[in-house]
Amino acid sequence: MATYQLSVNGKRKEVTADPSTPLLWVLREELKMTGTKYGCGVSACGACTVHVAGVATRSCIVPISLVGERPVVTIEAMHDDPVGRAVQDAWVEKDVVQCGYCQSGQIMCAVALLKATPKPTDKNIEESLGGNVCRCGTYVRIREAIKRASQQLA
Amino acid sequence: MRLKSENSTGFSRRGFLRVSAAAAGGLLASLYFDLRSVAQEGQAPPAKIYPPDAFIHIKPDNKIVIQVNRLEFGQGVHTSLPMILADELDADWQQVIAELAPAADVYKDPLYGMQMVGGSGSIAHSFQQYRELGAKTRAMLVAAAADRWKVSPDQCRTEASVVHGPGGKTAKYAELAEAAARRPVPATARLKQPSEFRLIGKPVRRLDSRSKCDGSLKFGLDLDLPEMKVAVVAHPPVFGGRVKGFTDSEARSIDGVREVFEIPLAKGTGVAVVADRFWAAKQARDRLKIEWDLSGVEHADSSQLWTKYKELARTPGNVSVARGDAKAIDQVDAAKRLVAEYEFPYLAHSPMEPLNTTVRFDGDRAEVWAGSQFQTMDHMAVAQVLGLKPEQVTFHTEMAGGGFGRRAVIDSHVQREAAVIAKRLRGTPVKLVWPREDDVRGGYYRPMHAHRVEIGVGPDGMPSAWRHVIVGQSLVAGTPFAAMLIKNGVDATTVEGTADTSYNIPNFQVSAHNPTVNVPVLWWRSVGHTHNAFVMETLIDELATLAKVDSIAYRRKLLKSDAKKLRGALDLLDEKTKGWRDKLPQDHAVGIALHESFGTAVACAVDISIDNKRPRIHRATVAVDCGLAVNPLSVESQFQAGLSFGLSQLMAKGAITLKDGRVEQRNFDGYTPPYIVDAPMAVDVHIVPSTEAPTGCGEPPVPVISPAVVNALARLTGKRYRNLPLATI
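As they're listed, the protein sequences go chains V and W.
The opening position of the first sequence corresponds to residue 1 in the working numbering, with each subsequent residue numbered one higher.
The opening position of the second sequence corresponds to residue 155 in the working numbering, with each subsequent residue numbered one higher.
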C-alpha cells in the first residue's frame, strides 16, 4: 500500500492503495465516484474513459502509481465544463442512451474530440470513439449528438 | 387500499409497499412460480385486480411515483410504462418519477405469471394493466373531488394532475389523494379513446437520460453499502469441474483479502475470494492455485461438435411442422434443387455492466440487490440458499447495464453464488462480481446451431418443396419452461422463425435435433430468430436471385395472404427506399430482409460497400409494424440500436469457441462486439400506422440486419455466406 496525492476534478485527493490498482478502481472504490464504469479491464471497451492531463484515457489500465500530478477529470465534472455540458445536453436532446452503462465513456471521448476538433467529420468521430463499445448499439444517435453539440458550441 | 397522501408521510417506499401489499391481501406472503399461468401463454390470462397503491404514489408535493414492474436495461420501459399509466391518469408528465419495483407477487407479468422481462412482452403484456391502473386511480380522484364539491363526477375533468370542476373549481391530485384512497377501487373505469391520448403514441424522451449522462445513476455494480465486501469466484476451466484442492497463500497475502473458501456452483464447485475491494478480490482470485477435477464432465469441443451436428442435420429430427408432402423434395430433379448448410457458433451476450449481485444475510432476514430479468426466480433462489421464506428476503431491482437475456437465467446461478457467499459472511453485505473474463468464459451462451435445408424450385422460380433440419441445444429441457416450450420433442425456441414462416411453401417440413452438450445455454436477444431469420432470409434472397426477380417483389409474391403485418412493413419499406435503392454508387449494393418475431413485423434494407475487407453499412432503413407504437421515439431508438446488436453475429471475432472443454476467448479482444465503424452510419425507421394492440420492440430489430447485410454482400462478391461469424468476405 502507498499513499498518493491526486488531482481529481480540480480537487486534491489523498488515497491509499496498492500501487498496481488501476485509476478506475481508485475512483470507484476509494473516492466513491462511480460514474466511471468498469466494462472489460483491458482497454477494449472505453467505458472507463477519463481525461488525464486533458487526454482521453482508459482508466482501467493506468496504475495509480503512474498518475502522479496529472489532473484527472471524470464524468462527474462534465456539467461544469462548457463542452461537457453541451455534449450532455445534446445526448439528452437526441435521446441517445439506452442501458446507459457505456455512455460516461462515450461522452468523455466525445468531449475530448470536440475540444481538439470542434467540427468533427464522421471519420474523426470514428477515430475518437472507435474503441468504445455500446452493446445496446446507440452509435447512430451518438454520431448525431456529437454533431449537434458541435453546432451548439459553434 | 390507500393512495399515499400528505398525512401519511414518514414511512419509506419500502414500508409503503409492505403496508400496501398487506392491505391488498398479503400478496408478498405467497411468492410462487405460477407454472399454470406460464403454461397457458397465448391464452387470455386470468382476470386480476391490481391494487393501485402498489404502483402509484401521489406525493404531497404533487410528484407522482410510478412503479415499473420490470427491469430497465435499455429497452425503455422505465419511461414507456409510466407514460401509459400517466396518460390514463391525466398526470402531469413533468412531475412523474419512475422507480423499478422490487420482487413481489403484484409485479408479476400478467401473462407469464412471474416477474420478468422476456419475449419482448413488457409493453405487450402490461399495456392494458397500466392503462387500467391509471384510469381507476383517476376515477377515484375525480370521485373524491366531486364529493368535496358536491357535484357529479361527470361535471369534472382532469388535466396535468388537476381535477377541474364546475365554476372554475380546481384541486390538485395531491390534495385529493387521501380522500381518494379511502374510496373503493372501481371494478372498471372508462379507458381513453386513442384520440384522447396525450402521451401514448407521442415521442417522449427517456426519464433516465440525464442521470445516465452525468454519471449519477447507480447501476447494480455501483452499489456501495457500509462495511460491504466484494467477492470474485474462481470457476472451473471446464463446465461442471470440481475443486480437488487449492493453495491460497499468495492470494491471502494481498492486502484487503478477508476470506477464501470453496463454494458449490450451479454445476461443479469453485473458490470464492472475499476482499474489501474489487481489485484485491480479483488479484487474489487470479493468484489462487487450484487443482481441478475435470474427469467425469464432457469436454465440449467446437470442431467436434460441428462434425456431429452436420451429421445429425443429414438425418430427420423430431418434426416441428409438416405441410403437404414431406417427400416431395425427393422427387425434385437435382438441377432444380438447392441444398444449403449453415453454421452458427455459440454467442455470449456480454452486457456492458458485468454480472453482479449484492446480498446481505442477517439470519432471519436478507436483502438482495440485483439487475434481474427474472426477479421471481432469482428471489426464490436466494431464499432457498439462505433457508428463508421469500417474504423474509427483500429483493431490490437494480438498473442494469444491458442484459439481452443474460440476466434471465433459469438456474439463477449468479444470485445463488452471491447468496452462498453472503451466508458465510452473515451480517456483512457482499457484492459478487463476475469480471468480464468470467462472463465471456462462463457459459450461458446462445447455442451453436447447424441447419441443413433442401429446397425444390418450381417452374415459376418459387419454392415448391422445403425440407429443413435444425440442430442445436434446447434452452429449456429439464427446466420449468419445458412444459410450455417443448412440443413433440422439439424446443420451440430452436425452430422459431422457420417453423412459423409466413412464406407460402406448399410442401414444407421442419424438424430438429436438440442434443445435450456440457455447455450452459441461454436465450440471446431474439432467441431462435437469430439463426432462423438468417437462414430463411438468405435462402429466399438466393431463390429470388436464381429466379431473376427483384428481392422485394419475390418476397411479396411468396408471402401468405394473411401475413398482413409483414406485407404492410414490406410495402412501406419499398416506398421509403425507392428513392435511394436504384441510385447507389457502383461499388455499393442493397440487401433486403423481412422477418416477424414476437408479433412485430420488420422489413429492412441496407446500403453497403466493402471497406477494409469488411462490410461498411452506409445506411439502413427499417419499416416496422408493432401495432400501436406507445412511444415512437423509443421504437425508433430500439430499432436503430438493435440493428447494431444484431451485427454481433457478423463480427470477424464474433464467436465463442471451445477446445477440449475450455472456452478459447477471454475478453472483448477475442470476442469482439460491434464498434461504431461496424454499425450502420444512419438508420431511418418508419412505423406502419396502427391502432392494434402494441407488440414488442426489444428483440425484433435483431434478426433482420445480418441477413440483409450478407444479401447485399452477395451482390458485390457473388458469394453466399452460410458460416458465421463472418470471418472473411
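Hints in this document: simulated from the structure, not taken from any laboratory.
A portion of the hints provided could be inaccurate.
Unchecked claim - Calculated lysine-lysine pairs in the DSS-like style (CA-CA distance at most 25 Å, straight line): (1) K737/W <-> K873/W; (2) K372/W <-> K32/V; (3) K11/V <-> K481/W; (4) K577/W <-> K462/W; (5) K711/W <-> K730/W; (6) K443/W <-> K462/W; (7) K323/W <-> K304/W; (8) K213/W <-> K323/W; (9) K732/W <-> K711/W; (10) K372/W <-> K356/W; (11) K543/W <-> K490/W; (12) K737/W <-> K123/V; (13) K13/V <-> K372/W; (14) K421/W <-> K304/W; (15) K123/V <-> K490/W; (16) K464/W <-> K443/W; (17) K123/V <-> K807/W; (18) K217/W <-> K323/W.
Model, not experiment: these values are computed from the prediction.
Outcome of the hint check:
1. K737/W <-> K873/W: Since the Cα atoms of K737/W and K873/W sit roughly 23 Å apart, the hinted pair holds (cutoff 25 Å).
2. K372/W <-> K32/V: 11 Å, holds
3. K11/V <-> K481/W: 77 Å, violated
4. K577/W <-> K462/W: Outside the cut-off at roughly 43 Å; violated.
5. K711/W <-> K730/W: 19 Å, holds
6. K443/W <-> K462/W: Distance of about 35 Å is beyond 25 Å: violated.
7. K323/W <-> K304/W: The given pair, whose Cα atoms are some 12 Å apart, holds under the 25 Å limit.
8. K213/W <-> K323/W: 21 Å, holds
9. K732/W <-> K711/W: It holds: about 18 Å lies between the C-alpha atoms, which stays within 25 Å.
10. K372/W <-> K356/W: 28 Å, violated
11. K543/W <-> K490/W: 64 Å, violated
12. K737/W <-> K123/V: Holds: K737/W and K123/V sit about 24 Å apart, inside 25 Å.
13. K13/V <-> K372/W: 22 Å, holds
14. K421/W <-> K304/W: Violated. K421/W to K304/W sits at ~67 Å, over the 25 Å cutoff.
15. K123/V <-> K490/W: 47 Å, violated
16. K464/W <-> K443/W: Violated: K464/W and K443/W sit about 39 Å apart, past 25 Å.
17. K123/V <-> K807/W: Holds: K123/V and K807/W sit about 23 Å apart, inside 25 Å.
18. K217/W <-> K323/W: Holds, because 21 Å separates the two Cα atoms, which is no more than 25 Å.
Violated hints for the displayed structure, listed by number in ascending order: 3, 4, 6, 10, 11, 14, 15, 16.
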